[in-house]
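Engineer: Next come the chains, spelled out residue by residue.
Protein chains: 2
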Amino acid sequence: MAGMTFDTRHFGEELDSLKRRMLEMGTLAEDKVRLAMRALVQRDQKLIAEIAAGDAAINQLHLEIDDRCFKLLALYQPMAVDLRVLVAIVKINGDLERIGDLAVNIAEASARYITHPPVKPLIDLPRMGDIALRMLKRALDAFVSGDVSEAQAVLAEDDTLDGLKSQIFRELLTYMLGDPQKIEPSIDLILISRHLERVGDHATNVAEDVIFIVEARDVRHQGDPTTRL
Amino acid sequence: MAGMTFDTRHFGEELDSLKRRMLEMGTLAEDKVRLAMRALVQRDQKLIAEIAAGDAAINQLHLEIDDRCFKLLALYQPMAVDLRVLVAIVKINGDLERIGDLAVNIAEASARYITHPPVKPLIDLPRMGDIALRMLKRALDAFVSGDVSEAQAVLAEDDTLDGLKSQIFRELLTYMLGDPQKIEPSIDLILISRHLERVGDHATNVAEDVIFIVEARDVRHQGDPTTRL
Numbered sequence: 001m002a003g004m005t006f007d008t009r010h011f012g013e014e015l016d017s018l019k020r021r022m023l024e025m026g027t028l029a030e031d032k033v034r035l036a037m038r039a040l041v042q043r044d045q046k047l048i049a050e051i052a053a054g055d056a057a058i059n060q061l062h063l064e065i066d067d068r069c070f071k072l073l074a075l076y077q078p079m080a081v082d083l084r085v086l087v088a089i090v091k092i093n094g095d096l097e098r099i100g101d102l103a104v105n106i107a108e109a110s111a112r113y114i115t116h117p118p119v120k121p122l123i124d125l126p127r128m129g130d131i132a133l134r135m136l137k138r139a140l141d142a143f144v145s146g147d148v149s150e151a152q153a154v155l156a157e158d159d160t161l162d163g164l165k166s167q168i169f170r171e172l173l174t175y176m177l178g179d180p181q182k183i184e185p186s187i188d189l190i191l192i193s194r195h196l197e198r199v200g201d202h203a204t205n206v207a208e209d210v211i212f213i214v215e216a217r218d219v220r221h222q223g224d225p226t227t228r229l
Numbered sequence: 001m002a003g004m005t006f007d008t009r010h011f012g013e014e015l016d017s018l019k020r021r022m023l024e025m026g027t028l029a030e031d032k033v034r035l036a037m038r039a040l041v042q043r044d045q046k047l048i049a050e051i052a053a054g055d056a057a058i059n060q061l062h063l064e065i066d067d068r069c070f071k072l073l074a075l076y077q078p079m080a081v082d083l084r085v086l087v088a089i090v091k092i093n094g095d096l097e098r099i100g101d102l103a104v105n106i107a108e109a110s111a112r113y114i115t116h117p118p119v120k121p122l123i124d125l126p127r128m129g130d131i132a133l134r135m136l137k138r139a140l141d142a143f144v145s146g147d148v149s150e151a152q153a154v155l156a157e158d159d160t161l162d163g164l165k166s167q168i169f170r171e172l173l174t175y176m177l178g179d180p181q182k183i184e185p186s187i188d189l190i191l192i193s194r195h196l197e198r199v200g201d202h203a204t205n206v207a208e209d210v211i212f213i214v215e216a217r218d219v220r221h222q223g224d225p226t227t228r229l
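Those sequence lines, one after another, are chains V and F.
The first sequence begins at 1 in my numbering and counts up by one.
The second sequence begins at 1 in my numbering and counts up by one.
Because the hints were derived from the structure by calculation, they are not lab data.
Quick caveat: nothing in here was measured; it's all calculated off a predicted structure.
Ideal placement from N, C-alpha and C gives every residue a C-beta, glycine not left out.
Where hints are given, some of them may not hold.
[Unchecked claim] Taking lysine to aspartate or glutamate and the EDC-like style, the derived pairs with C-alpha atoms no more than 20 angstroms apart in a straight line are:
{"id": "1", "chain 1": "F", "residue 1": "K182", "chain 2": "V", "residue 2": "D82"}
{"id": "2", "chain 1": "V", "residue 1": "K91", "chain 2": "F", "residue 2": "D82"}
{"id": "3", "chain 1": "F", "residue 1": "K91", "chain 2": "V", "residue 2": "D201"}
{"id": "4", "chain 1": "F", "residue 1": "K91", "chain 2": "F", "residue 2": "D67"}
{"id": "5", "chain 1": "V", "residue 1": "K71", "chain 2": "V", "residue 2": "D82"}
{"id": "6", "chain 1": "V", "residue 1": "K91", "chain 2": "F", "residue 2": "E208"}
{"id": "7", "chain 1": "V", "residue 1": "K91", "chain 2": "F", "residue 2": "D201"}
{"id": "8", "chain 1": "V", "residue 1": "K137", "chain 2": "V", "residue 2": "D201"}
{"id": "9", "chain 1": "F", "residue 1": "K91", "chain 2": "F", "residue 2": "E108"}
[Said to hold, decoys possible] Facing chain V, a subset of chain F residues (Cβ under 10 angstroms, in silico):
{"id": "10", "residue": "E24"}
{"id": "11", "residue": "L28"}
{"id": "12", "residue": "F70"}
{"id": "13", "residue": "P78"}
{"id": "14", "residue": "L83"}
{"id": "15", "residue": "V90"}
{"id": "16", "residue": "V119"}
{"id": "17", "residue": "K120"}
{"id": "18", "residue": "L122"}
{"id": "19", "residue": "M176"}
{"id": "20", "residue": "P180"}
{"id": "21", "residue": "I183"}
{"id": "22", "residue": "L191"}
So that you can see chain V by itself, here it is in the shape it has in the complex (with noise of 0.2 angstroms):
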């Protein structure tokens, strides 16, 4: 474009790194949950100290995309729908931050699991992981295509992790109290419903940050910021 100065052409490129950066953070906290969850069913005790060890990349990633949101937002002092997409990415780089946190949480909650002979066949809990991971999934599609009706379909599947929660819950539940020796080991699977539930919980906030962003696009281009602002 004929106007476009060195430092908005410049800034663009930037945010566009940024963003790639940011997508590349999702699949790592993706890929580390569905590892987890690989390695609790087939009880790869291997896997699940490798992933319980921490999430040193992530980490690394989580600081360096807030330093980037923070120099760009310094020196480019950006306007409208650029200062929204990268308030967006300071607040979805902590969800994903946490995402790669629950599944250290799932790691060390199977490390205690597979000391003991196995509850039952695990079929829902990882039916609630796949649920969670679609959603993360769906969620960072719609951050890039900037499809508001695809961030809302993440919205939409928060009450089936619900469902499917409460009912390994009572599931669980009867296993305890039908046999002291599987309380201890009930319990864990308890929490690893929890932090993927909660892995949703955070798959919903960034297609809220999707929404928030597109949305005020939309308003802007009905010239009325302030509806928004």
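Given the coordinates of chain V, assemble chain F onto it according to the supplied hints.
Structural biologist: Just chain F now, with coordinates in the frame of chain V:
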């Protein structure tokens, strides 16, 4: 100051007012957790139901503070420490809202808990509550005073909270193994201990944001902003 423009003065007033609102929100969140713990200990069904009904005031403040941060970023394009404070407030705002949610979660678990006879006198759980609330209060005090040592003291308390959580778990496990009637209510106490641990986590996040604000100011005073940027 003679060289101060109207805009700068106006920005300063707006930022002060925003900080006050954030601290009000912090006090609301703190009160909510304190009330939730009191309602649990006193088995006060009415108070529990009130808290579980949600935190409309906190949610309203959450939206208002987010909007005001965004407006200030967009209208004044603040630099350096002012920018850091605003970015920190965006994050702290999210943490305080989650603390309000955790008070609701504590009340939800308490509502189930008091439908059973007491598992045991509650001593360590209220102690966890006191520590988590003290962490939050100190983190918010550190925000006001900019005292890094106060913020660092918050980080140190995280281990105490973790130790109490493990102790509570082991004790409740003994009760559950001895009497199946105690399984269901004990699980709610375990969940409440986890919620309190997370209140502490969010207080830790606030303390870290305070360190981020203050350390950057120190670094700037040393004339080397790039080490932190």
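Engineer: For every hint, state whether the structure bears it out.
Structural biologist: Now the hints, each set against the structure:
1. Taken as a hint, the K182/F and D82/V pair is broken in the structure, with Cα atoms around 54 angstroms apart against an allowance of 20 angstroms.
2. Under the criterion of a C-alpha separation no larger than 20 angstroms, the hint pairing K91/V with D82/F is consistent with the structure, at around 18 angstroms.
3. Taking the CA atoms of K91/F and D201/V, the gap is near 17 angstroms; set against the 20 angstroms cutoff, the hint holds.
4. For the given pair, K91/F sits about 13 angstroms from D67/F by alpha-carbon distance, which is consistent with the 20 angstroms threshold.
5. Between K71/V and D82/V the CA atoms are separated by roughly 14 angstroms; this keeps the pair inside 20 angstroms, and the hint holds.
6. Proximity of K91/V to E208/F is assessed by CA-CA distance (about 15 angstroms); at most 20 angstroms being required, the pair is judged to hold.
7. Restraint check for K91/V and D201/F: satisfied, since their Cα atoms lie roughly 17 angstroms apart, inside the 20 angstroms limit.
8. Straight-line distance between C-alpha atoms of K137/V and D201/V comes to about 13 angstroms, which keeps the hinted pair within the 20 angstroms bound.
9. Distance restraint check for K91/F and E108/F: the Cα-Cα separation of roughly 26 angstroms exceeds the 20 angstroms cut-off, and the hinted pair is therefore not satisfied.
10. With 10 angstroms as the threshold, the beta carbon of E24/F stays out of range of chain V, its nearest partner Cβ sitting at about 21 angstroms, so the hint is violated.
11. Interface restraint check: L28/F against chain V, minimum CB-CB distance 21 angstroms, threshold 10 angstroms, status violated.
12. Proximity of F70/F to chain V holds as hinted, the smallest CB-CB distance being about 6 angstroms (cut-off 10 angstroms).
13. At its closest, the beta carbon of P78/F sits 9 angstroms from a beta carbon of chain V; the interface hint therefore holds under the 10 angstroms criterion.
14. Because the smallest distance between the Cβ of L83/F and any Cβ of chain V comes to about 6 angstroms, under 10 angstroms, the interface hint for this residue holds.
15. Taking 10 angstroms as the C-beta cut-off, the interface hint given for V90/F holds, the closest approach to chain V being about 6 angstroms.
16. The interface hint given for V119/F is violated, since its Cβ lies 14 angstroms from the closest Cβ of chain V, which is over the 10 angstroms cut-off.
17. Because the smallest distance between the Cβ of K120/F and any Cβ of chain V comes to about 16 angstroms, over 10 angstroms, the interface hint for this residue is violated.
18. For L122/F, the suggested interface contact is broken, since its CB lies about 19 angstroms from the closest CB of chain V, more than 10 angstroms.
19. The closest approach between the C-beta of M176/F and any C-beta of chain V is roughly 5 angstroms, which is under the 10 angstroms cut-off, so the hint is satisfied.
20. Given the 10 angstroms rule on beta carbons, the hint for P180/F holds: about 5 angstroms separates it from the nearest Cβ of chain V.
21. At its closest, the beta carbon of I183/F sits 5 angstroms from a beta carbon of chain V; the interface hint therefore holds under the 10 angstroms criterion.
22. The interface hint given for L191/F holds, since its Cβ lies 8 angstroms from the closest Cβ of chain V, which is under the 10 angstroms cut-off.
Figure legend: structure checked against the earlier numbered hints; hints not met, in rising order: 1, 9, 10, 11, 16, 17, 18.
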